[in-house]
Amino acid sequence: MQFTIEVGRYNPDGIYAENAKPGAPYPPPWQQAPPRRYQTYTVELPEYAVVLDALIAIREYQDESLAVRCACRSAICGSCAMWINGHANLACKSKLTEFTKDGKTRVETPPSMPVIRDLVWDMKPFWEQHNKVKPWLVGKPLADPSQEYRADNSRMEELIQEVSCISCGCCLMDCESYAVNPEFLGPHALAKAFRYAGDPRDAETRERLGDYSKPGGVWDCTHCYECVAQCPKGVAPLEQILKLRRMAVDSGFTNNAGTRHADAFADSVKHSGRLNELTLMPRSTGLFNVVGQLKTLPSAFNMARAGKLPPLLHKSIPGVKRIKAIFERVGGRFK
Amino acid sequence: MRVAFYPGCVSKGACPELYVSAKAIAEPLGLELEELTEAPCTGAGVLSEQNPKLADSLNGLTLAMAESKGASLMTICSTCQGVLSATNHHLKTDTERLAGVNATIGDQGYSYAGTTSVKHLLWILFEDVGLDRIRASIKRKLTGLKIAPFYGCYILRPAEYLGLRERPERKTYLEQLIGLLGAEAVEYSGSTKCCGFPMVTFNRDKSLAMGGNHILEAKDKGADLLVTPCPLCHLNLDGQQPDAARVLRKDIGVPIFHLPQLLGLAFGYSPEELRLDHHVVSTKGALGKVELKV
Ligand code: SF4
Ligand code: SF4
Ligand code: FES
Numbered sequence: 004m005q006f007t008i009e010v011g012r013y014n015p016d017g018i019y020a021e022n023a024k025p026g027a028p029y030p031p032p033w034q035q036a037p038p039r040r041y042q043t044y045t046v047e048l049p050e051y052a053v054v055l056d057a058l059i060a061i062r063e064y065q066d067e068s069l070a071v072r073c074a075c076r077s078a079i080c081g082s083c084a085m086w087i088n089g090h091a092n093l094a095c096k097s098k099l100t101e102f103t104k105d106g107k108t109r110v111e112t113p114p115s116m117p118v119i120r121d122l123v124w125d126m127k128p129f130w131e132q133h134n135k136v137k138p139w140l141v142g143k144p145l146a147d148p149s150q151e152y153r154a155d156n157s158r159m160e161e162l163i164q165e166v167s168c169i170s171c172g173c174c175l176m177d178c179e180s181y182a183v184n185p186e187f188l189g190p191h192a193l194a195k196a197f198r199y200a201g202d203p204r205d206a207e208t209r210e211r212l213g214d215y216s217k218p219g220g221v222w223d224c225t226h227c228y229e230c231v232a233q234c235p236k237g238v239a240p241l242e243q244i245l246k247l248r249r250m251a252v253d254s255g256f257t258n259n260a261g262t263r264h265a266d267a268f269a270d271s272v273k274h275s276g277r278l279n280e281l282t283l284m285p286r287s288t289g290l291f292n293v294v295g296q297l298k299t300l301p302s303a304f305n306m307a308r309a310g311k312l313p314p315l316l317h318k319s320i321p322g323v324k325r326i327k328a329i330f331e332r333v334g335g336r337f338k
Numbered sequence: 030m031r032v033a034f035y036p037g038c039v040s041k042g043a044c045p046e047l048y049v050s051a052k053a054i055a056e057p058l059g060l061e062l063e064e065l066t067e068a069p070c071t072g073a074g075v076l077s078e079q080n081p082k083l084a085d086s087l088n089g090l091t092l093a094m095a096e097s098k099g100a101s102l103m104t105i106c107s108t109c110q111g112v113l114s115a116t117n118h119h120l121k122t123d124t125e126r127l128a129g130v131n132a133t134i135g136d137q138g139y140s141y142a143g144t145t146s147v148k149h150l151l152w153i154l155f156e157d158v159g160l161d162r163i164r165a166s167i168k169r170k171l172t173g174l175k176i177a178p179f180y181g182c183y184i185l186r187p188a189e190y191l192g193l194r195e196r197p198e199r200k201t202y203l204e205q206l207i208g209l210l211g212a213e214a215v216e217y218s219g220s221t222k223c224c225g226f227p228m229v230t231f232n233r234d235k236s237l238a239m240g241g242n243h244i245l246e247a248k249d250k251g252a253d254l255l256v257t258p259c260p261l262c263h264l265n266l267d268g269q270q271p272d273a274a275r276v277l278r279k280d281i282g283v284p285i286f287h288l289p290q291l292l293g294l295a296f297g298y299s300p301e302e303l304r305l306d307h308h309v310v311s312t313k314g315a316l317g318k319v320e321l322k323v
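Protein sequences, first through last, are from chains A and B.
First residue of the first sequence: 4, per the numbering used here; consecutive thereafter.
First residue of the second sequence: 30, per the numbering used here; consecutive thereafter.
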């Protein structure tokens, strides 16, 4: 079969490792960067071929100047992650037939990452964030050092999902929070964080949870599910982040907007069956956080002027007794 | 077609224009809305995150209410759709989880057998109402307008709960609809991205930058307006747009329409009937581009 591949090539005026701002603050890269230079190639390959086969064929037989990074060719090493038709994917796992859109497949580096050359992007931001979560086990001291530590099987099973991570960076390159917030630790690092915080042999779980609850941590994720959709190994980073949030709250790290938000939310639903938008924002910001409160005022004013502020008298749904009974039965915010 | 209508909290709170316009377009589409007035909030993912059992029970109750009416449950919010789809998926595939929910809601006189289908209005338009009926209801073509679709995360991800593996076309309905109404769909990368709302109370500036960037990209590509099937996206993209403009230090000024408002406009309703005059970002410029005479 014949396939057409459009490759984002090196552009000396583009955003490259030396002048890029990793984690691209606003304005985002598509506004800063000059238009990409794309080069089109045609390759003849069998129907079952993957994107990486095409790139290797181009490099071997048509254009030896094309820079591609790959090693295992079987979705194990994580080196061939790139943008394919605008989303993060492993080139060696993406079948050309599935990724041909309007007669062609477009491959390029993700705009949120610095570029080294052609399809090779700089993994530095990835490892920087990764290293910030203390990605190693701090073993609990053993009563008898001659014995091994016995971990409960079911606890270890909970970590299997994260252990499948191949550090490819697909999740980070499409992470929406990271795209506007270079402080954000990112899906890969936080999934790794859960791998250690959730390990029964770890001695520093509490300290970790305190660290991960700080700005840039678990509460700076916008819950967009991009990482779940994009991870080629089923790690589902967002789900690990949510586990960390629950663990952190259970351990008493509750002085943050995330916890106050969940509290206000649960209270509202319990007492009226519905969400009360009027109290949600101020309660999450923290009632004594004057600066934070002031910042939300212009928006509240604009909305009031447009007649969009929720009714001051928050009405309950009919049958709210039923809802209260359910709350009594299964517990409220944090069970 | 009779549907169990789940309006969601926001259409009854900060976005009354959504509720009003959804009710208005039901008739020309032949949708008989039986509103579930006693159904609770879905918890918008916040409650399921902290106490999954609580969220299961609340959403199980809503699913059971629709089941007892013998009708599909219709949402008008991507977030409600995502949360209810996820719960429905879990309850249909995990009998233990279903039994747990039934033990809780049983006291309240309900039980869920797992037969309800949950569908956003956007899906119902294509899969139940049909394009012929929509076409027949058009009284005013939206020719000349360039419209950027904005789906909202939870109607797209995670794919397996939303039936997108079986029906990948669901990812293109907004674009198709815009074309059907006579307008031109703007292609841009922000259409499937996050509006920033889930983070707005935790990290306001970043949240607004996120949403604002997507609107700016659409504007760069010539969009006169954005249309969204999610009122939470609407809150961040319209309600907070002036603030987003301040954060980004850019002029934005792009109106955001709710899906039923766009349909309503094409079906010949006046902008006032659709409460298009109750937005934070004025809709006048965009409306000026369509011939408002029916
Ligand atoms: S869900 Fe959170 S971590 Fe995952 S991509 Fe979105 S913002 Fe990033
Ligand atoms: S979590 Fe998934 S997408 Fe992210 S680095 Fe690991 S394997 Fe890659
Ligand atoms: S080449 Fe190793 S993951 Fe693709």
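Hints may be right or wrong, so weigh each one.
[What the hints assert, rightly or not] Okay, derived cross-link-like pairs now, DSS-like style, lysine-lysine, Cα gap no bigger than 27 Å in a straight line:
#	chain 1	residue 1	chain 2	residue 2
1	B	K148	A	K98
2	B	K121	A	K236
3	B	K322	B	K170
4	A	K246	B	K41
5	B	K98	A	K273
6	B	K248	B	K175
7	A	K236	A	K96
8	A	K137	A	K217
9	A	K273	B	K200
10	B	K200	B	K250
11	B	K52	B	K250
12	B	K200	B	K148
13	B	K121	B	K52
14	B	K41	A	K324
15	B	K175	A	K104
16	A	K104	B	K250
17	A	K273	B	K248
18	A	K327	B	K175
19	B	K82	A	K298
20	A	K273	A	K135
21	A	K217	A	K98
22	A	K104	B	K248
23	B	K250	A	K107
24	B	K41	A	K318
25	A	K327	B	K250
26	A	K298	B	K279
27	A	K246	B	K82
28	A	K318	B	K82
29	B	K318	B	K52
30	B	K200	B	K121
31	B	K250	B	K175
32	A	K273	B	K82
33	A	K318	B	K121
34	A	K246	A	K143
35	B	K322	B	K52
36	B	K279	B	K175
[Claimed, not checked] Residues from chain B that keep clear of chain A, each with C-beta distances beyond 12 Å, as calculated:
#	residue
37	K168
38	K235
39	G297
Note that these hints are calculated values from the structure, not bench results.
Please read all numbers here as calculations on a predicted model, not as lab measurements.
Ideal placement from N, C-alpha and C gives every residue a C-beta, glycine not left out.
TODO: Would you list, in rising numerical order, the hints stated earlier that this structure does not obey?
DONE: 1, 4, 9, 11, 13, 17, 18, 19, 20, 21, 25, 33, 38
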